[in-house]
Every structure is written in structure tokens, then in C-alpha cells.
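> Listed in order, the protein sequences are those of chains A and B.
Letter 483 of the first sequence, counting from 1, is numbered 483 in the numbering used here, and no numbers are missing.
For any residue, its number in the numbering used here is found by taking its place in the second sequence, counting from 1, and adding 1000.
Everything labelled a hint here was simulated from the structure, so no lab data went into it.
Ideal placement from N, C-alpha and C gives every residue a C-beta, glycine not left out.
Treat the hints with care, as some may be off.
Unchecked claim - Below, a sample of chain A positions facing chain B; criterion: calculated Cβ distance under 8 Å:
hint	residue
1	E67
2	D75
3	R91
4	G287
5	G288
6	P290
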Amino acid sequence: MASSGSSAPGNGARRPRAAGRAIYGGLPESGPPGFAPRLLELADELRREGLAVGTSELLDAFHALEELSWTDQEDFREALAATLAKSQEDRRVFELVFDRFFFRAVEREAVERGLTEERYGGGDRLDLEDLRERIREAVRRGSDGEMRDMARLAIAAFGRQGEGSGVIGVDVQRIRRALELKGEAGGRELPDPDGVPQDRLREFERHLRRELERALIERTQSLPPAKPLRELDRALPSGPLQDLAAVHRVVAQLKRRLATRGHEQGGRRRSAIVDIRRTMRASLETGGVPMRLRYRHRRPRRPELYVLCDVSTSVTSASVFFLSVLHALHDSFRKLRSFVFVERISEVTDVFERERSFAAISHAIATDAGVADVSGYTDYGRVWLEFLGQVVDDLDPRSTVIVLGDARTNGREPHADAFARISERAGRTFWLNPEPRLYWNYGDSVIQAYEPYCDGVFECWTTKQLEVFVNALAGGRGIAPAAGRA
Amino acid sequence: MRDGLEAVGYLAGESAALVSFLAARLGKPVLVEGPAGVGKTELAKALSRATERKLIRLQCYEGLDEAKALYEWNYRKQLLRIQAEAAGAGWEAVQEDIFGPEFLLSRPLLQAIEDSDPVVLLIDEIDKTDQEFEAMLLEVLSDFQISIPELGVVEAQSRPLVLLTSNNTRELTEALKRRCLYLWLDYPDVERELEIVRLHAPELSETVARKLVEVIHMVRGLDLKKPPSIAESIDWARALLMLGADDIDASVFERTMSIIVKHRTDLDVVAERVGVKLSDGVLGKLGTG
């Protein structure tokens, strides 16, 4: 967020003074003075975080800034964002890099010019209870500036000047505990009088962190090295550990992409088939001369899908993800039959077609799918035999079988021959494994036994990996680079 | 720019106003992305009203080709011409003749750059077309010109203000993005949406409007097939006015719910979750109810 006071980088950067007792090795070398080099540095950092910032984007950014008074921080930021960040994900990364970059630029300037701030040092004149209450109030509905002020007060009161742990993250949490701030519990209950909304609390923690960093920089007269963004920060919520709604949103987006696929890949096919009837009709316009050929539309391939999903405890974290994938697939494929299995297999196509809400589906599957028999351990071998028994006559070369599971058989017979028969009858067979490739074939994982019979085996526990797979499924392109068999 | 947009009934957010301003000043196209129903298309319409320019709209769909988007030769007219001249005239002369501007049917893109007054060009739902079409757009978007093999290059008489909208159903090509300014529109927060609703249905009382917007936000929070858009909140507000409802209680909600929720399965979810809260009176606590 806004770093205090000045916003745009200063124009007159001086040579850095000799760095003092610096724990990070003083200030990094500063580039040539002026505004343009600063912007180039920012672009460079953005590139390092994976944004495609080309020369044309940079030129646009400069043109845009010419049109604005760039002393207004919001305008400045928006203009840069509109010209440099060209998707929602990019925009998110941009925000993070922008904050970090200008925070550092301002701090560097302050250190170079020897500016320090008067910090409120005392603690005993403050009524701590009163302070806690005021901070809580500010966190709940204060503006950005108020929150920042309160963060500084909190550091002054609870920060133990000069004897912090040295690790900012630890200090932030210590101060938060000292303030007795806690997030509201999610759910429907009436608001907890002591709790504050989660997102506001995070915002406050960010202010705390920033102010602590600022104090540290001022004390040590040096800037810590710029760290690359953490994967967690930059990614849009999409990992399997995120809440269900987030997973679902991404899968829904995926579904739409799936629906428009094929067209974008097909382009103008050379082997188009002339539609005689429509060509003749069209020729009436031109006096019976067939000036324009009409082509028959090519129907996109609509695969018949058989999805088998492991719902045993060894894949608990992944099965929520998988079930929501299954849920989304049901919306976009008409010919889809889904099965869940642990020790034995059970068809749940009806459940998905009947129920709309995901919670109801998982409940139905958990209670009456009848997948666990005695032990509750996965038995892949038995599952193949049962699957063969149930659907073998329905499988034909147009059908695609997808298995979602970790191939951990708990030491039981894998019956790879049965799996081979399935894959032989089906047109294509894919396996999605929620474990990192590193763990495959260790312990009781027997994916090696099944792999030769699959058209592709994918490591899949994030939506990104899922997307790779979906591309392969719908377009046929991309299997080779993505599968990369071990 | 923001005031201009507001004057024609569009409350633009900070970034929307700024990016529109930049687009007008720099003459660059804008790529607008966001969920359905946040006012992407409306932004283009408002811009055309605010700048008093003509709006030319190209609605994209699967299979849209240059004959529908750029230009097409008027075969029938050409044929008539050939027949009329059949005797005597040499091939050269006829060819000169029939590939003239006279026989060109201009489609939206050509219209937009041919027009002597600057226009607002809206290319709606660009993500519905295929990549080939995007590639074809590049010439228009960066140089504002169209090459017609038989005729030569048609250059823009004036710079149109171009908006491309996308619902983000597929990734657009880098080349296209490179030529555009980027604007992400999201659902507005409660306060802004309240302003929007009040602007379009000024007779609705403040408390009812606020409650309405709160309900809308709650409905958007549910996992629905199609969350309600801003247009639908406005529709709902107008419907409430027409019914003369002075409060949103469970029964009013029940009757008018179909205005904001358009899927049968969604209806069930919303009725279950929101209906209950309304009858509990949980929502009323912010308004006077």
C-alpha cells in the first residue's frame, strides 16, 4: 500500500553514502539518476517475475505517463498497470512488485538523504487497554492511513524497541498476540464482538510488517536484498488446499475454456467437406453460378468419458479437488459416466446429475456409495475387475477412460492385466496422479505397472497441471511435452 | 473523463475512468476483461455518449470471418455490372471497374475507420472468435488501416476509440494484448453499486436500495451458475418500484427472485440460503427495515 508521504521515485538520486554498519552489506548500487531509469528498473523486476514487458509496453507506459500528472499515486499506478500488466494474474503480480519496488525506492532515498522520523518511544503513558480497543476499531473500519498510524503506535507500545527477534514475521505475530487481535471465525454465527474480519486483519499485519521493515532499514542504514515473490503470494488462489469455492471457480473457468477449444486449434481445415445442398442454394443468389462454396461444419469430437476417482484416505486432500473436477466435467460433457472407488467401485453418475450442490454430492458419496467394503483400503486390482464386469460392453474406441488416483494398492495384487484389457477396449486411457512424480513407485505405489497401458500419465494436484491435461484431452495436442514419461 | 461518463449515466471506477482517458489520449485500443455483467459493453456505450461519437459494434461469435467483419465484395452488383457491359469492354476495363469502392460492402471494422468523424468501435466478446480472427485484427488495431488486395490500403480518416471486451473464456494472444491497454472490471463494492442502483432507479428509497444491494452481494457470494450482474440489480430495483414494495422481505424476495437468478438449480440454492436469512431479519439490521 501507500508508503508514507512521497510516492513517485525521487528525481535527484545522489550517490550513496558510505554504507554504515550494514547487516545486509549496505545499499545496493543505485542506477543513473532520473525518472526513466527508475521505470526501466521496475520493468526489469517485473520481467524477472515473469511478466512479458516488451519495449512496446514500456513506450506505452511512458506515453501514458506524459498524459497524466504522475504525482497522484493512484493514477500513476493505474497507468502503469494498464500498460504493463495484461491479464488478471499479471495485474496481481504487478501490484506486489510495484509496492515492493517503490517501498524500497523511497526507503533508499530516505537513507541516502539521512532522513529519519521521530518515533514515539514511550509505553508507560499509554493505557494499553484503551490502545487495544482503538486499534481493534481502526482495524475493523479505519481507512488505510488510520490503520498505518495504529500499526506504528502498536510497534511503539509492544515492539520492544531495538530488541525485536530480528525476524519480522515473528515480531508481527508477537505484536498481534499482544494486541489480542483475532480473526472472526468463519460461519454463520453472529459476529464475534472481539474478532475482526480476516481480510482486515491481514491488511493490518501487512502494515505492521511494512513499518517494522521501515524501522529496521532506518536503524541499519541498509536495504535488505529484494526477494523474489513467494509462489503463494503471486498465484491466484487455485491450489488444492484453498477453499472449495476457489477450486470450483477455477474449474468453472476451465470448463469454459474447454468449450471453446477445438475451434481455436482447428483453424481453417484443409480437408473441409463441401456441402452440396447449401452450395446450390447459395448459387441462386448468383444466377445459378456456384461462386461460393459452402462447407459442412465439422463437429468437434465429443468424447465419451469414463472417470474413475479414488476417494480413499490416502488421497483425501486430493479427492476434494478431484471430485470438484468431476463435478465440473459433468457440466460440460453429456456423455460422462463417473465412478468412485476405494475397495470396490460404484457408479455415481446419477448422483452428479441429480445433485447440484457440491456439498450434497460429497455427502451422498460418503454415505451411500458403498465403496468401502471391509478394511477401507484401496484395492486397485479388484476395482479393475469390477469395472470390467460392469462396463466392458460399453467401452469402444471412442471412449476415454480417466483414472484419478495414487496407484497405492496397499500391497494387494495390482491386476495390471485387467487394466490392460480396459485400456485395450477404450480409445484412450489417462491417469492423473495427485502425488508428486518423485514419490511414484515408492512404497506400495504401483503406477509403473499401469503406465505402459496409459496414453498419458500426469502428475495433477493443481489447477495448472489440470489445465495441461485438459488441453491434451480436448485437443490431442500437448500430450507429448506434458506427459514427459519418467 | 469520469464526470463525462457520469453525466451519461455510467459511474466509472477509478481505473475505468483513467484507462478510458488514456485510450482517448494515446489512441490505443483497450482490452476490457471481467465477469459477465459488470458493464464492459455499457462502458463502450457510455463512452460513445460522453464523447458524442457514433458507436459501431462488432459482435463476435464462433466462425466470424473477414467477410462479416471487414468488407465483402458485392457479388450481385458486380455480376450485374459485368452483364450490363458484357459486349465490347475488355477484361482489363471491367476488372478496373468492378473492384472499385462502389462494389464494396463495408462491414463494421471498415466502417469504423472509413468514417470521417471519429467513432467508438466496440469489438464485443473477442474471446468467442478464433485466433486467426485475432491475427486479422492486428492490422486494424495498431495501424488503423485495412489492406484490400484489389483496392489497396484503406487508411483511417480519424482515429476510432476502440474497446475490446472479453469474458476471459480463453487466453488471448500476446500479440493482441501487446497492442492494447488493459482494464480489468470487477463487480463494484456495495457503496458503488448502491450509487449505480440509485442513479438508475432514483425513486427507490435509500434503505430498500441498500438492502437490495446487500442481498445481491450475498447472492454473488454463493456458488452459482450465473451470478447476478449489475444490469440485473437495476432491473430488480425497477421491478420493486413497479410493485410498490417498500421493503424486501421473504415473500417479496420469493416473488421477484427470478429477476436476478436465471437458472433453475440456482433458484433453489438462493431460495434456500437467502430466503432464510431474510425471514430471520439478519439482513435488515443495517437498514431500518
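> Once the shortest beta carbon distance from A:G287 to chain B is found, is it less than 8 Å?
holds, 7 Å
> Taking the closest Cβ pair, is A:D75 under 8 Å from chain B?
holds, 6 Å
> Would the stated hint for A:P290 survive a check requiring a Cβ distance to chain B of less than 8 Å?
violated, 12 Å
> Identify whether the interface hint at A:G288 stands, where standing means a beta carbon of chain B within less than 8 Å of its own.
Hint violated; A:G288 Cβ to chain B Cβ min 11 Å, cut 8 Å.
> So, as I understand it, the hint says A:R91 touches chain B; can you test that by seeing if any CB pair is closer than 8 Å?
holds, 6 Å
> Holds or violated: the hint that A:E67 contacts chain B, with Cβ atoms closer than 8 Å.
Interface hint status for A:E67: holds (4 Å vs cutoff 8 Å).
This entry does not satisfy hints 5 and 6, going by the numbered hints stated previously.
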